[in-house]
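Line by line, the protein sequences give chains A and B. The first sequence lines up with residues 0 to 257 when you count with numbering that gives the first Met the number 0. The second sequence lines up with residues 0 to 472 when you count with numbering that gives the first Met the number 0.
Take these hints with a grain of salt, some might be off.
To be verified - Dumping the calculated DSS-like pairs for lysine-lysine here, alpha-carbon to alpha-carbon at most 30 Å:
#1 K193/A / K355/B
#2 K193/A / K32/B
#3 K161/B / K194/B
#4 K265/B / K386/B
#5 K32/B / K161/B
#6 K386/B / K355/B
#7 K32/B / K265/B
#8 K193/A / K161/B
If you are wondering where the hints come from, they were derived from the structure by calculation, not from laboratory data.
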Amino acid sequence: MSVTAAFMVTCLGDMFYPEVGERIVRLLRRLGVTVGFPPGQTCCGLPLFNSGYHAEAAAVARRTVEIFAGAESPVVVPSGSCAWMVKHEYAGLMATPAERTAAERLAGRTYELSQFLVRVLGRRRFRSAVAGTLTYHDSCHLLRGLHESESPRALLREAAGATFVELPGSDECCGFGGSFSVRLPEVSTAILDKKLASVEASGADCVVACDAGCLMQMRGGLSRRASRVQALHLAEVLEVENHLPEGSGEPFQGSPST
Amino acid sequence: MTEPELATPFRERAERALGDRFLQEALTIATTKFITLRREAFAELPEGEALRDQARAIKEATLQRLDYWLERLVDNVERRGGHVHYATSADEARAIVLDIARRTGARMAVKSKSMATEEIHLNEALEAAGVTPVETDLGEYIIQLAHERPSHIIAPAIHKTKGQVAELFARELGRETEPDPEVLTRIARVELREKFLQADLGISGANFAVAETGTVVLVTNEGNGRMVTSLPRVHVAVMGVEKVIPSMTDLAVFLAILAKSATGQKLSVYTSLVNGPRRGGELEGPEEFHLVLLDNGRVRQIAGPLRESLNCLRCGACLNVCPVYRQIGGHAYGYTYPGPIGILLTAMLNGPASVKDLAHASSLCGACMDACPVRIDIPRMLIELRKEVSEGRIAPWSERMVFGAFAWLLRRPGLYRLGARLGRLAQAPLARGGRIRRVPLFFGEWTRTRDLPAIAPRTFQERWADLEREARR
Chain A
0 MSVTAAFMVT
10 CLGDMFYPEV
20 GERIVRLLRR
30 LGVTVGFPPG
40 QTCCGLPLFN
50 SGYHAEAAAV
60 ARRTVEIFAG
70 AESPVVVPSG
80 SCAWMVKHEY
90 AGLMATPAER
100 TAAERLAGRT
110 YELSQFLVRV
120 LGRRRFRSAV
130 AGTLTYHDSC
140 HLLRGLHESE
150 SPRALLREAA
160 GATFVELPGS
170 DECCGFGGSF
180 SVRLPEVSTA
190 ILDKKLASVE
200 ASGADCVVAC
210 DAGCLMQMRG
220 GLSRRASRVQ
230 ALHLAEVLEV
240 ENHLPEGSGE
250 PFQGSPST
Chain B
0 MTEPELATPF
10 RERAERALGD
20 RFLQEALTIA
30 TTKFITLRRE
40 AFAELPEGEA
50 LRDQARAIKE
60 ATLQRLDYWL
70 ERLVDNVERR
80 GGHVHYATSA
90 DEARAIVLDI
100 ARRTGARMAV
110 KSKSMATEEI
120 HLNEALEAAG
130 VTPVETDLGE
140 YIIQLAHERP
150 SHIIAPAIHK
160 TKGQVAELFA
170 RELGRETEPD
180 PEVLTRIARV
190 ELREKFLQAD
200 LGISGANFAV
210 AETGTVVLVT
220 NEGNGRMVTS
230 LPRVHVAVMG
240 VEKVIPSMTD
250 LAVFLAILAK
260 SATGQKLSVY
270 TSLVNGPRRG
280 GELEGPEEFH
290 LVLLDNGRVR
300 QIAGPLRESL
310 NCLRCGACLN
320 VCPVYRQIGG
330 HAYGYTYPGP
340 IGILLTAMLN
350 GPASVKDLAH
360 ASSLCGACMD
370 ACPVRIDIPR
380 MLIELRKEVS
390 EGRIAPWSER
400 MVFGAFAWLL
410 RRPGLYRLGA
420 RLGRLAQAPL
430 ARGGRIRRVP
440 LFFGEWTRTR
450 DLPAIAPRTF
460 QERWADLERE
470 ARR
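Taking the hints into account, I'd like the entire structure generated from these sequences.
Set out below in structure tokens:
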């Protein structure tokens, strides 16, 4: 079985976290997925949409739909919020029935990374690229928008070479909220401080998230306070075990060797 | 109506709240407790999710035929000897209540907790007309003594610590006491007993009004609601028109989830069913009963963008879980209704321009919708309000320019990539080890408390060619 996927890098992923995108591409290839990267990508339009600039968001959404219209393969997105935008808001922004159909088709085959790994590829067992204790922060759009809390946890719980602990209040917002973080920076930071206090009290060495927005916020706070804790994207944690049968379409059953 | 808090910009009000140590302590304790209790209450109710769906469906169906159900309600209240008044605005509602007070010669009014009467600023109007309003819900009593406004829909004094309440009682009532909630409650109870016996007017809100029976339903924990509606000669209930529900069967559905959502209780301590004035042979109840149906911008929203907010039960669950409310409390919002639902209700009552800042007082985390017993999509309506603010040119010109330019750039991938290269040049003097600790202008708001990631030396798009080569190897 050969799987093909198109990668949607997202604006934050492209500019600030290109190494996350690289790791995703390599990870998927190790799992036998042929990864394409349709050219001309910019941003999904979520910042425009959430700030109420819907005509502008619609124009951006329309071209994203066109960019990914070529292939019928799944689209993998590294951020829950961008995946949510494509899956839940694109169709409503379109003007004609034909555009809407195209947007719905894209929505139906768009997946946030952890969902793609667990629910599409059926892969749950990886090695952890970082040693020590991991915890997980639920990004709001992935949790309450896409109703996904289990896939990332399954991956982290089973990651060989690391220990997983639950983060108290993991479902509470980190205070990012896009333009909210600069419109009301004091409130945004107060919410972040609470989150980071909880992360630091959890005893984890690393807090993992599946959204570039949350990572930007949490990393920004952790680095400012010179914390020993790291905030990492899921893809920066997961590594394929060396003895994985290449190209096998079977859900990976191998036992961790570390 | 002018709101004194509004002279200060919202951001400053929020900042002040963040620096208030007592507020922070009180808020954290109370909201954490509410969240835990709510979660436990629903965990014990396997049919809870289905009941929430059912409650939402009842509300929606009632809104579809609101005129019909209101007519039924009016007929049945009148059949039981009550009087019904319809107020299109806050002014009209105040005038109706004042008229009743004047006609019955009332000098003192006891009140049970009611956000609708807060909405129409009834207490100030009563005082101006020579009628002394006395709040009898403990929380409301506390804030009335403190000359404040409620900061939470169901827990009006949530912003006060017990120590502050003890100080307030010492100052206002001359009763020195330790900050023990039981002792404080006993003091208030003694004070209020007298008032119940003196008052000639009882004023309440309504949690529900059952159309088929003409029954006004009050949900309370202190029993004061029952005293307000039965001891004084005249009882006036003020309710938003959206509070009508068709039947007692429907009421059972709402009662099953309301207290659980609000306080985590299975049921509130008192559920009072008020069936109009005292009739022959009855031992208690008022001589006169008046129901004031308040529109005040609601009916227009049946076909408006805020329609869903008419389903609100005023349980306060969305406030307790809101990360913004939990940080700044209710007063910083500046209007009668705080929190996520409060922003929508403020827009409903005062128009979208009133929430140009408040509409952005949310990270859109969705916790409110998750906690709402009738699953009101609050984040979606906040986005709708932001849209009205931007498209209605209420948002500042500079902001509209920035977003317009951003959108323009996002449609031109070549320029977008060029922008990344230029950004890299511009950031060179500021970036150290991939981080930026201070930037000027807009993002300076970010870097006062957080580091900003630098634009990478090579973006993903610039790396893609290498990644492709790697795959061919």
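Report task. For the pair we were handed, K32/B and K161/B, check the Cα-Cα distance against 30 Å. Result -> Holds, at roughly 15 Å.
Query raised in the report: Can the restraint linking K161/B and K194/B be considered satisfied, given a maximum Cα separation of 30 Å?
Result: Judged against 30 Å, a Cα distance of about 24 Å means the pair holds.
Query raised in the report: Taking only the CA atoms, is the gap from K193/A to K161/B under or equal to 30 Å?
Result: Status holds; Cα separation ~24 Å.
Query - Restraint check for K193/A with K355/B, where alpha carbons must lie at most 30 Å apart - result: 27 Å, holds
Report task. With a cut-off of 30 Å on the C-alpha distance, tell me whether K193/A and K32/B pass. Result -> 17 Å, holds
**Report entry** Given pair status - K265/B, K32/B, alpha carbons within 30 Å
**Finding:** Status holds; Cα separation ~15 Å.
Query raised in the report: Regarding the pair K386/B and K355/B, is the alpha-carbon distance no greater than 30 Å?
Result: Holds, because 10 Å separates the two Cα atoms, which is no more than 30 Å.
Report task. Assess, step by step, whether the Cα of K265/B is no farther than 30 Å from the Cα of K386/B, and give holds or violated. Result -> Violated, at about 39 Å.
Of the numbered hints listed earlier, the single one contradicted by the structure is hint 4.
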